[in-house]
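Participant: Use these hints to put chain H onto chain W, whose structure you have.
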Amino acid sequence: MDFDLSDEQSLLKDSVSRWAANTYGTLDPLTAARTEPLGFPEARWSELADLGLLGLPFAEADGGFGGGPVEMLVVKEALGRVMAPEPYLASIILGGGALRLAGSADQKAALLPGLMDGTARLAFAHGEVQARYDLNDVATTARAVAGGFRLEGRKSVVLNADAARTLVVSARTSGARRDAAGITLFLLPADVPGVTVSAYPTQDGGRAGDVTLSEVFVPAHSMLGAPDAGLPVIERVVEGAIAALCAEAVGLMEALHGLTVEYLKTRKQFGVAIGSFQALQHKAVDMFVALEQARSMALYAGMMLEAEDDAERRAALSAAKVQINRSARLVGQTAVQLHGGIGMTMEYLGAHHFRRLAMIELMFGDTPYHQRRVVAAGGLVGAA
Amino acid sequence: MDLRFTPQETAFRAEVRSFFRTEIPAEIRAKVSEGRPLAREDYVTSQRILDAKGWAVPHWPVEHGGQPWTTVQRYIFMEELMQAAVPLPLQFNCFMVGPVIATFGNAAQKARFLPRIKSLEDWWCQGFSEPGAGSDLASLKTRAVRDGDHYIVDGQKAWTTLGQYADWIFCLVRTDMAAKKQQGISFLLIDMKSPGVTVRPIITIDGRHEVNEVFLDAVRVPVENLVGEENKGWDYAKFLLANERTGIARIGISKERIARIKRLARTTPAGAGTMWDDLDFRSRLAAVEIELKALEITQMRVVAAQATRDPTKPDPASSILKIKGSELQQATTELLLELAGPNALPAARAQAGDNDVEALLAWADTAAPTYFNMRKVSIYGGSNEIQHNVIAKAILGL
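Protein chains in written order, with numbering that gives the first Met the number 0: chain W, 0 to 383; chain H, 0 to 397.
It is worth saying that the hints were derived from the structure and are not from the lab.
Do not rely on the hints blindly, as some may be mistaken.
[Claimed, not checked] Listed next, the in silico DSS-like pairs over lysine-lysine satisfying Cα-Cα at most 30 angstroms (straight line):
#: 1; chain 1: W; residue 1: Lys-264; chain 2: H; residue 2: Lys-180
#: 2; chain 1: H; residue 1: Lys-392; chain 2: W; residue 2: Lys-12
#: 3; chain 1: H; residue 1: Lys-180; chain 2: H; residue 2: Lys-109
#: 4; chain 1: W; residue 1: Lys-264; chain 2: H; residue 2: Lys-237
#: 5; chain 1: H; residue 1: Lys-237; chain 2: W; residue 2: Lys-282
#: 6; chain 1: W; residue 1: Lys-264; chain 2: H; residue 2: Lys-392
#: 7; chain 1: W; residue 1: Lys-282; chain 2: H; residue 2: Lys-312
[To be verified] Covered stretches of chain W, as calculated for chain H (at least 3 residues, CB under 8 angstroms):
#: 8; stretch: 275 to 286
#: 9; stretch: 296 to 310
#: 10; stretch: 366 to 375
[Stated by the list, open to error] To give an idea of the chain H side of the interface with chain W (calculated C-beta under 10 angstroms), a few residues:
#: 11; residue: Asp-1
#: 12; residue: Tyr-74
#: 13; residue: Ser-253
#: 14; residue: Ile-260
#: 15; residue: Ile-289
#: 16; residue: Ala-304
The beta carbon of each residue, even a glycine, is placed where N, CA and C say it ideally should be.
Bound-form chain W, shown alone:
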C-alpha cells in the first residue's frame, strides 16, 4: 500500500500543473479561451500534444506513452484545477478510449498519430435524449447495405462534437432499443454526407453538440470492434470517463476550497476577517472533509478501473461517482454561500467552479442512478 507517485509520475504532475497554472488559473485567460469558436484555442491543444499528454494513455507500441490510471488521475486533476477547456475528456479519454480498447491495428495506425500529435480529434457520439444514463439504450440504427452500413438517428450532448474530425458512433445493428446485445461502434468522419453537428455551449463553459445521422454510409472496415458487441466496450469507456471526472472534480474542489479559505481570511466584516467566525470555519472544514473523502474515492476509482471482476469494478466506479457527486454538491454550494454575493456572479472564478461541479454531477450517472447500481450489487461490505 503506497500512495506516493513514482518519479516519472511526479514529473508528469509538475509539468501539467505548471502548464495549467501558466495558461489558465485566473478567469481572464479562461474567458478568452471559451470565446474561441471551438471553446478553446487550437494552439493550446498543440501544447498538450507537446507535453505528451495526448499520447499518454496509448500503448508504447502504438506510439503512446503507456500511461495507466494513475497518470490519468494526475493529468485530469491538474487540468480540472484550472478548468482547462480543452477536450481532453471528449477526445482522449472517451473517443481515444474506445479506439484504444476496440480498435484494430489498421484503425489505430490510421487515427492515433493524428490524435496524439493534436491534428485530429475524436468525439464519443453515444448518448441519446431518451437514454438518460442507460448505456444500453440505443435507438440509432445501422442497417447493413452493400459494402457497409447506413446509419440513422440522433446522438445527444456529444462532448466537443464540433472539435472532432472523427466520431465514435454507437448504433444498433440488431435487437430492440434497450437490448444489451446488438449495439455496434463505428468510426465516422464528421464531414461525410448525412452527418450534421449542431453545436452549442454548455452550462459549465464547455461545448457539446447533437449529431444527426441521416442515411449516413459507413464502410464495413470502419466498424470499431465486433458487431453487436459494442456495449461492453462502451461500459469500459464510460468507466474510464467516470474515473477521469472524479479526478477532475477533486482538482476543482481543491481549487474552490482554496479560494474560499483565502476569501475567509481576507474578507472583513464587523471589523474582523470573517474567517474568525466559528460558524464559517466549521463550514469550511466540512468542505475540506468532503474534499478529502472525494480524493480517496477518486484514487479508489483509479485503482479499480482495471479490476477484472465486472461486478466488483462496476460497483466501485458507481460508489466513487456517488461520493464525488455528494462532495461536489456540498463543496460547491458551501463555497457560494461562504462567498456571499460575490459568489453569485460570473465575474468570480469560484462561481465557474460551482457550475462545472454541478454539471459533473449529471454526467455519466447522477447520484440516485449510481446509488441504485451499488444497491443492486448488494453494497460494498460483504454480509459474511
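Facilitator: For chain H alone, kept in the frame of chain W given last:
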C-alpha cells in the same frame, strides 16, 4: 502508487483473522456484535488470549512487549480485530497509560506497571475530565499538594468509563495553582483502593452502567507515582491523545455492524417479504457503505503518511477520521434501529421459538440501547466540534 496490499500483508491479514475467529471465544464476540454488555471477565479473558500470543499491545516498543510491525500491519490487525467483533484491548491500559509510562515513566515504573497493564492484571481507568472541565480540559481543578513523600489529592473526576472495574486511575491533577492553565498540571497514578477514593455509578441513556464519577477526598499518593516531571503533565496528556490514532475511525466496527444488518435484514419480515426487499432501506445502507469506503481509503492515506511523521505530534488529518468515523458509526446504529422497527421498543422479552419472527425478538432488544449508547462517539475523544476547530486552525489556518 499502489493501493493493493502486498502478498505478505494479505497473508498477515489471513493469519490474524483466523486467530481472532478461532481463539477468542465465540460467546464473547457474539456479545460485542450484538451490543450486549461485557462482564469484566470477558475483557480479561480476551486480552489474556491476545497477550499470550504477544498481540495485546503490538504498537508498544518491542522491549515492552510490542511487535516490530509496520503501520500497515497494525492497521490490518485493528481492522480485523474489529471486524471479528473481538473486544478492543482495554483502551485505557493499552493505548493510554501504557504508552505514557513506556515513554515518560522511570525504570521502576516501567518494570512495576507495564507487564500488568499489558496482561490486564491491573485494570486502569482515565481521570482526565471533570464536571467543569470537558472540552476545556486544561481548566481542571483537582489538586495535588505535596506533603513529604506524598501528594494529597482532592477533587472530582467525571465520565470515568468502566471505573467500577478499575484497580488504578491515571489522573491529571493541578500541582501548581499559580501557573497558567496548561502549565501546573501533573500526571499521577492513583491506586483505586486508596482511602478517600469513591466511585459513584452514572447510568447512561442506554440504561447501562458504563461510566462513573470518581471522588478523590484527601487521597494520599506516593510521589513515586508521579510520571515524568511535575507540572509537565499536559505534554504527556497531549502525547496520550495523539498516540496511536490508527483505528480511531472504527471502520472495522462499522463494517461488522453493516454485515450484521445485511444478515438480519434478510430474515426480518416486512410486507410480503423481508427488509432486504425494501429498496429505500438498502439505498440508505448503501449510502453509508459508500462513505465508509471513502473513509477507509482516507484512513489508509493517513496510515501511509504516519510512516514519515513525528509520532509524538498529533496528525490533524486524524480529525477527519474522528468526525466521519463517528458519524458513520452512528449512522449504522440508526439503520439497525430502523431495521428492528417497533420490535425495538421492548427492553426485554421472551423468545418463544426459533423461526425468523422469534429470532427478531431475540436481537431487537439491543438495537435501541446500541443507538442510544453510540451518541457518545461524536462527544468523547474531543467532540466533533472540537475536531472542526482543530482542522480550521491546524490545516486551514483560520
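Participant: Each of the hints needs a verdict: does it hold here or not?
Facilitator: For each hint, the structure was consulted:
no., hint, verdict
1, W:Lys-264 with H:Lys-180, "holds (29 angstroms)"
2, H:Lys-392 with W:Lys-12, "holds (29 angstroms)"
3, H:Lys-180 with H:Lys-109, "holds (29 angstroms)"
4, W:Lys-264 with H:Lys-237, "holds (28 angstroms)"
5, H:Lys-237 with W:Lys-282, "holds (26 angstroms)"
6, W:Lys-264 with H:Lys-392, "holds (12 angstroms)"
7, W:Lys-282 with H:Lys-312, "holds (26 angstroms)"
8, 275 to 286, "holds (count 7)"
9, 296 to 310, "holds (count 4)"
10, 366 to 375, "holds (count 4)"
11, Asp-1, "holds (5 angstroms)"
12, Tyr-74, "holds (9 angstroms)"
13, Ser-253, "holds (9 angstroms)"
14, Ile-260, "holds (9 angstroms)"
15, Ile-289, "holds (5 angstroms)"
16, Ala-304, "holds (8 angstroms)"
No hint from the list above goes unmet by this structure.
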